[in-house]
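K.L.:
In case you want the letters, here they are:
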Amino acid sequence: MTPEERYLFDLHGYLVLRGVLSPDMRRRLNEPIDYLETLDDNQTTALGAERKYRTSDNVYAKTGNSPEGSLGDYDCEVLRYGGPFEELIDLPQTLHYIEEMIGESSRLDAASFMSRNSGGAFRFHHGYAELLPYSEYAFRDGGFKCVSVKIGYALTDVDVEDGCFAVIPGSHKSNFTNPLVGQIPDPAHPLVQPLPCKAGDAIIFSEDLSHGAVENHGLKVRRTLFYSYAPAFHCTWHDLAMTAAGFEERANPRRLELIQGPSPFAHAAEADVP
Amino acid sequence: MSTGDSEGSPMKPATEADVFDLQIGLGESETPVEDKHFFDTTGYLVLDDLLTPDQVSQAQDTLVRIEAATPENITLLPEGPYGCELVNIIEGRGTVEDAMALPRVLNYVQEFIWGRQYRLVGSRAILRAPRRYSWLTQGGAADPRRYARYRCFGDGQFRCLMLTCLIALADTADGAGAFCAISASHKANLPHPYENTDLNAVEPLCNVPLRAGSGVLFTENLSHAFKPPTREAHAWLSYQYGPSYMVNWPGCEPSTDLLARTAADPAKSHLLLEPYYHPTGSQKKQKM
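Residue numbers (the numbering used here), protein chains in the order written: chain F, 1 to 274; chain D, 1 to 288.
These aren't lab readings, by the way, just hints derived from the structure by calculation. Since this is a predicted model, take the numbers as computed values, not measurements. Each hint should be verified, as a subset may be incorrect.
[As the list claims (entries may be wrong)] On the chain D side, residues computed to face chain F include the following (Cβ under 10 Å): (1) Gln23; (2) Gln117; (3) Arg149; (4) Gly154; (5) Gln157; (6) Cys160; (7) Leu161; (8) Tyr245; (9) Asn248; (10) Pro250; (11) Pro275.
[Claimed, not checked] DSS-like mimics (lysine-lysine), calculated; alpha carbons at most 25 Å apart, straight line: (12) Lys220(F) x Lys52(F); (13) Lys187(D) x Lys145(F); (14) Lys36(D) x Lys187(D); (15) Lys198(F) x Lys220(F); (16) Lys173(F) x Lys268(D); (17) Lys173(F) x Lys145(F).
Glycine residues also receive a C-beta, built at the ideal position from the N, C-alpha and C atoms.
Please put together the full structure from these sequences, using the hints given.
P.N.:
Here you go:
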């Protein structure tokens with residue numbers, strides 16, 4: 001990270017990284033999604049890429065409109081499908097940010113593809129004052145010590161009217177509960193910073209940052225890949241880091257370590273074992 | 001933003017806790033404020049008489065049996081950092097299993113870790129031979145073990161990571177073989193300067209003498225050690241607790257047999273849940 005990136009991440013709780021996915025990479029990521037969307041649910045499940053639809057009782061998501069014959073808002077555990085999605089586990093353009101922000105041996109604890117239709121939104125959640133231990137933003141001894149860092153990769157252009165990601169800059173340090181919690185981010189609110197992206201951009205953020213997505217008033221479907229990382233002693237989010245068959249044979253050592261988790265209790269040298 | 005209730009008086013803004021139920025059991029335990037103050041100030045609490053004399057005797061017998069013929073799901077480490085260790089001792093049944101879920105201990109664990117989102121991360125028995133030397137752990141801000149962090153916020157909310165409950169199976173009341181710690185070192189901003197110092201020469205190191213069956217609950221971020229036993233070996237039971245998302249210590253995965261026989265025990269089965277971030281269904285507190 002450059003000095004300016006360090007300063008801005010500490011200041012705001014996020015960074016926008018422009019163009020981290022090359023056009024060829026974007027094509028290779030979108031192609032299997034295009035293909036899977038030609039299949040019915042049973043067929044995608046058989047391929048390991050089960051679609052999990054967002055329902056109207058979800059406390060976080062406001063589901064979008066899905067015209068007759070089209071898919072509703074859904075998530076998909078893409079690592080179970082494999083293919084190019086495995087390349088993002090240790091993408092060189094972003095992994096060094098993760099390593100510096102977490103500040104010790106880390107693991108991937110979740111990866112998910114999200115498809116969001118017109119009309120959908122995601123309500124604000126989290127913030128430092130919540131004291132959620134698994135999302136804490138921390139800076140000590142001259143370095144970041146975050147315990148949950150996430151990257152959202154945009155696979156489509158997402159402007160404000162398309163329901164872009166939105167944050168409250170600085171809320172990763174706020175000592176007061178977010179008054180906008182549970183609300184759909186209003187891009188006109190003075191606290192709210194919408195983060196429009198071009199396809200191939202990425203947003204990297206501390207999970208302690210209050211975040212959500214503004215309402216999609218456009219006609220485009222928003223496609224995003226989220227990859228989440230944590231210190232090695234954290235567990236995974238349910239099955240969201242499960243991989244496709246043969247991953248262990250295909251993966252390079254770093255990629256394998258990020259999935260299997262390095263030694264979870266690093267620094268437990270003989271003198272320090274409890 | 002809030003708009004006001006039917007009578008026109010301003011409504012309080014919704015808090016995250018109003019909307020999402022991501023943290024359960026906070027503030028439920030009945031820990032006396034004196035205990036919270038002592039733990040926050042010193043980094044440990046002494047818990048007298050956790051085990052009865054009969055339980056102590058039964059646990060000692062179990063350790064002898066296991067050391068002689070170690071079952072498959074317990075690991076014998078002849079040269080652990082504090083002496084011979086039996087890792088995953090809860091597989092030994094009886095008192096060594098029951099002691100992981102002592103109600104008095106769990107009440108503090110719930111208070112100091114994260115409400116009801118806590119679990120057992122590891123367990124071991126420590127067998128300390130006479131004159132066995134022990135290191136002083138680093139503790140405080142200089143301790144590189146992130147999983148050991150101590151956290152307590154200004155309004156008295158604890159979010160500690162690993163806590164250890166150490167139960168003496170031998171009397172260390174005279175100081176020989178005693179657990180010892182540098183009180184308040186969990187908040188030290190600087191590394192301790194005693195890396196190569198004999199424990200007896202570490203001026204701020206305090207003995208925590210315990211009768212057999214008594215224990216000490218401490219944050220792993222506390223600088224601590226054991227004084228060497230002088231004449232006879234000392235045995236200890238050690239249980240590590242962490243937040244619900246902390247994975248098991250290597251070698252401490254519960255066996256299917258253990259899970260089956262503890263399934264009807266709410267406290268034990270809760271401790272042995274697989275690691276998780278949120279309790280099942282916790283995000284459906286309120287429909288929006």
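K.L.:
If you take the shortest Cβ to Cβ gap from Pro275(D) to chain F, is it below 10 Å?
P.N.:
holds, 3 Å
K.L.:
Is it true that the CA of Lys220(F) sits at most 25 Å from the CA of Lys52(F)?
P.N.:
holds, 20 Å
K.L.:
Was the hint right that Arg149(D) lines chain F, CB cutoff 10 Å?
P.N.:
Arg149(D) check passes; min Cβ-Cβ to chain F is 9 Å, inside 10 Å.
K.L.:
Does Gln23(D) pass the interface hint, meaning its C-beta sits closer than 10 Å to a C-beta of chain F?
P.N.:
With a minimum Cβ separation of about 7 Å from chain F (threshold 10 Å), the hint on Gln23(D) holds.
K.L.:
Given the hint that Lys187(D) pairs with Lys145(F), does the C-alpha gap stay at or below 25 Å?
P.N.:
holds, 17 Å
K.L.:
Does Lys220(F) sit within 25 Å of Lys198(F), going by the straight-line distance between their CA atoms?
P.N.:
Holds, at about 13 Å.
K.L.:
Holds or violated: Lys173(F) and Lys268(D), Cα atoms, limit 25 Å.
P.N.:
Measuring from Cα to Cα gives roughly 36 Å; hence the hint is violated.
K.L.:
Taking the least C-beta to C-beta distance, is Asn248(D) closer than 10 Å to chain F?
P.N.:
holds, 8 Å
K.L.:
At a threshold of 10 Å, is the proposed contact between Gln157(D) and chain F supported by beta-carbon distances?
P.N.:
holds, 6 Å
K.L.:
So, as I understand it, the hint says Cys160(D) touches chain F; can you test that by seeing if any CB pair is closer than 10 Å?
P.N.:
holds, 9 Å
K.L.:
Under 10 Å is the threshold here; is the Cβ of Gln117(D) close enough to any Cβ of chain F for the hint to stand?
P.N.:
Hint on Gln117(D): holds, closest Cβ of chain F at ~8 Å, below 10 Å.
K.L.:
So if I understand the rule, the pair passes when the alpha-carbon distance is 25 Å or less; does Lys36(D) with Lys187(D) pass?
P.N.:
Within the cut-off at roughly 15 Å; holds.
Hint 16 from the list above is the single one not met by this structure.
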